[in-house]
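Participant: Given chain X, put chains A and Z in place with the hints provided.
Sequence order for the protein chains is X, A and Z.
Just so we're aligned, residue 1 is where the first sequence starts under our numbering, counting upward by one.
Just so we're aligned, residue 292 is where the second sequence starts under our numbering, counting upward by one.
Just so we're aligned, residue 450 is where the third sequence starts under our numbering, counting upward by one.
Please keep in mind that the hints were generated in silico from the structure rather than gathered at the bench.
Accuracy of the hints is not assured; some may be wrong.
[Stated by the list, open to error] Anything over 10 Å on all C-beta distances counts as not near chain Z; from chain X, calculated:
#	residue
1	H24
2	A46
3	A196
4	R249
5	P258
[Claimed, not checked] Straight line, CA to CA, 27 Å or less: simulated DSSO-like cross-link-like pairs of lysine-lysine:
#	chain 1	residue 1	chain 2	residue 2
6	Z	K1095	Z	K897
7	Z	K466	A	K437
8	Z	K1101	Z	K897
9	Z	K934	Z	K1180
10	Z	K1095	A	K437
11	Z	K466	Z	K934
12	Z	K1101	Z	K877
13	Z	K1101	A	K437
14	Z	K877	Z	K934
[Unchecked claim] If you want the footprint, here are the derived chain Z segments under chain X, 3+ residues with CB under 8 Å:
#	stretch
15	572-578
16	719-732
17	1088-1099
18	1141-1153
19	1221-1231
Cβ coordinates follow ideal geometry from the N, Cα and C atoms, glycine included.
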Amino acid sequence: MKPPPFRHLAPRSIEEACDMLAEHADSVRVLAGGQSLMALLVMRMARPAVLVDLNRCAGLDDIAVEGGVLRLGAMARQIAVQRAPAVAQAAPLLAEALHWAGPRAVRNRGTIGGSIAHADPSSEACCVALCLDARVVLARRGGSREMAARDFFRDALVTAAEPEEMVTEIRIPVLPPGTRCAFEEVGVRQADLAMAGIAVALTPAPDGGIAALRVAAIGAGGLPLRLDAVEGALRGRRAEPGLVRDAVRAALAECEPPSDLVASAAHRRAVLEGLAERAILRAAGAERAAA
Amino acid sequence: MSTVEITVTVNGSSRTRRVPDRLLLADFLRHELRLTGTHVGCGHGVCGACTVLVDGATMRSCLMLAVQADGASITTVEGLAPPGGLHPVQQAFHELHALQCGFCTPGFLASTIELLRENPDPSETEIREALHGNICRCTGYVNIVKAVRRAAELMRAG
Amino acid sequence: MDGPAPAGPFGARLPRKEDPRLLRGEARFLDDIEVPPGTLHAVFLRSPHAHARILGIDASGVRDIPGALVLTAADLPQLPPLRPDLPLPGFAVTERPLLCRDLVRFVGDCVAIVLAEDAYAAEDAAELVAVDYEPLPAIVTLEQALAEGAGSVHREAPDNVLFRNQVTTEGFDAAFAAAPHVFRETFVGSRVATVSLEPRGCLARHDPGLDETVLWSSTQVPHLVRNMLCEVLGLADTAVRVIAPDVGGGFGVKASVYPEEILAIAAARLLGRPVKWAGDRQDDFLSSSHARDMRFGVEMAMDADGVLAAIRIDVLANAGAYGGIPFGSSIEAGGGPRTFPGPYRFRHYAFRTRAVATHTTPSGPYRGVAAPIAFMAFEGMMDRAAAALGLTREEIRRRNLLDTADFPFVNASGIRYDIASHHRTLTKALALSEWEDFVLRRDADPDKIRGIGIACVTEQTGQGSTRYRARGLLRIPGIEAARLKMEPSGRATLAVSQTTQGQGHLTTFAQMAAEHLGIPPAHITVLEGDTAVSPFGSGTFASRSVVAAGGAVITAAEVIAKKMKRIAGHLLEADEADIVLRDGRAEVVGTGLSVTIEEVARTAYAMRPKGVPPGESFGLDTTEYWDQPFSSVSAAVHVAEVSIEKATGRVKVERYSIVHDCGRVVNPMIVDGQVHGAVVQGLGPALMERLVHDEHGQLLTTTLLDYTLPTALDVPDIAMEHIETPALDTKGGVKGMAEGGTIGAIPVLLSAINDALRPHGAWIHAIPVRAEQLLRIIRTQPGTPEG
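Just chain X, same shape as in the assembly:
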């Protein structure tokens, strides 16, 4: 378990980093917190000729709300995001979800941008990014582009980023006033890689119904994904257990959860039903019916 040979480059600025990426685009990986990539390297499952290490790159770790948008620098550590007042105010769902993102030592080093760029199927950050309609900012030599998280994630561990691009920022629209969030996940152990997870952001209407609802799931497909059908079915309705359960079940019936060593598709679906119901009702502030 030793990494293969590579050249380690440590750019000081985004421009320098982009130049390096462009120059080595045929075999390069961006190294952020390294909590996934380093493990792939020591197992020699990734073998880039060049690592562009962003840990000394200036201007990538800001966390701030500007113009109704929470802006998270790609190199903001998960622990910093989890604890930032701006996140608590603008996107508390993210803070709640990141609590599950691994043991403390992993969150101390792991970054929000790294999580998004890695696009792991069990990633809490990716799930929340989808749920909250986050946008991903990508820089390359001479320019940058911004895209919806929904378009950025392509498949497990595959994104829309080109080899010469790097994620510089995650932008999350500040949640509408009164929006309530809930995050639930389970793995094999009490704290583990997520086998199934649910992120919910629910904006109540003045009459107590659901004005807006956003739901994303880990384990419903090969990647975290939005459960649009749940959102459609419940918008404008009241969060009542039977209704929620039916909506969730119907939405999950359309999904294709993976079957693997951890769980079968059927089990993921069954667990997600329970988690989604619990999370939506919690976000709605509704008392759950006796089981």
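Facilitator: Just chains A and Z now, with coordinates in the frame of chain X:
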């Protein structure tokens, strides 16, 4: 193979070495600096045995490169107490038999020190949450949890 | 009766002598040893196929790595294969090549040694060795191996049965036929890895000038490794030294001799340079022994009152691709039926057992060996029988547990029990766990269903030479030894034929000796793990240390104490029978007359005005051997409460209680710690740990992300009480105890889960119990309405 000169403050002393780009921080500490108290149990960032304090925060030294520690201040198990002494956390682990083979212990000490710095009086649940990234195969965690509470007492008293 | 309250060091909760250096990072595990100059770092190139012919090996690519070189079987033609040749009826002798020449038999089989200047370069070089394989069909499971026309893993065992045994006690058939109730079920264990946190590794050095070969190895059995090195490499045992440095956990997985240890020495001698191999986690998953891929078919016959009449079992163990050294391929298949009878009174017993070869990693000893699965089967059947007969689970056990009047008792598999307090242990465990009040807790949380379980278990420990001979294990002497040497200062060194992987030997043995020598444990330095320092013995496994080596320690301490009393009597002009040794002095009872132990010691070494008594030899130095005549059998009752989350099927262990009886306890703190750890090594396999192969025999779980070990969040606090029923058959009244926690945890957790599922009419007989299975039961088999 490309190499880089780095300077790292380890347990209070500044150490300068030329290292290969790919050298892992764990190997740098263990084999370059001969600080072998930091152990590698899995090598892929799960077991937590190699956890050290980098600028005060716990990190997996098997998932960092030595070059990334250039300019950082690192505390390993060898630096927790003055020579011949025991840090209150070490003392509590000793008193309450919170180690058996001792291989995982340095990682648990680092995680405990970080926990108690932020939370001087943690509950049992908070302790278990703070330590869930460290695997111990010997103790069943029972005495480790007790030792962390004892360490908290010692530190609050001291 | 309970043991006496500790007056001296024996029985004290003494913090461990080994701790400070471990806590300060000063310990030296294998990979911490500073390597000699010129050391080559080894990587073992392992087969990626479960079964394949080797058509060719091309190592020319490693030329690209400066200093790298490759050794294959062709480079070490004189190396014979390992040949576990147990002289047992039903044992098929097969061979294991140290480096595969023509055929590989599991994913992980060694094909070549790749050596380079550092571990990074060695991995680089290993990638450049091209091996041409012709994949062959793989036999992975027990069913496949036993199927008609399955093919053979070894031609010496055409039906793939490496070991078989069958026993029927006299009168069995009649007793079985006469019983009104017969309960039948098959219980299936999970294949597990031990995962000692420190992987295996070794460092080999040969000094041709001194003709000395030294191997540092992360092993539990340095003497057995030395013997095997000599046997295979044709070396004199006087010229080979094996040292176990600090070892980061063993639990049985390091009690076998492995090819890498022999190959490292062979390479070092061939190349004239030291060779180091620090195995990594993936090496460990692939090549360190697996365990407990077992099944038990049980037929339990009972009379109308729930009293056991006769039991028949059929045991299968997946032995993997090769037998091991020293335990052969019979350890699990042999151990299953041997441990099965447990604390119960029944005489009619029939079993058939088979060890089966497959193209998977060889199986070997792991904490409790087969016993956790044996008790899962036995206790699982007791729960089934209780339910069928309308008895409570505690009552059916009371009707069958051995009573004080039954002892000494020879059980149906021929194991002698000297004494135990099973009924009292059970009663105390029910009280400790608040068993009676569980009804109040059962429905406390509407989101969960909850169950409580019970398991009564025994643990066979401290086996001596007779037992190992009977098992055909002639490479295991079964004896242990201690050399006690009191120095002129009155301090002592105690070299024991053992080695410690965290069990606290340096403290425990010092406490055992101190009781007799009248000096504090702090003045006794225990030395272990070095064949040049330790007297010859077997090693640390099968909970043998405190019994087998402890017997030697106590004997040696008695011998030295006697001699000190003779010398002190001579100095004080008193009868040696009136001398007591305590608090650093030898005193004449009731007179106030005394001399220091140091004075006695200096006299023994001829450094005082007065000499030794006439006819007395000089020195205070003795080596004593101990052979434990019978196994010593510890007992425990475990009670566990679990909850199952209705939404997810996830199990949480809510409460856990143990009442434990291992005779006299030397150091309660160490004993408790051993039990805690053992429980969690049962909790993991019961709830989350399993090794999984695909249909081609590829191991899919080779990282700690896939192979999920319990963390602090998965484990409850453990309440524990001791009953001390002093052993009659051992020195000091002690019994071994390091495996019972695992043996109890698997059955008790299954019992608790099955209790939770009772309203759903389901029983589970296989581990790990998975959330998936539970959720399906909860959802598809609705329970009876509550209340």
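Participant: State the violated hints by number, sorted upward, taking the hints as numbered earlier in the document.
Facilitator: 3, 10 and 14
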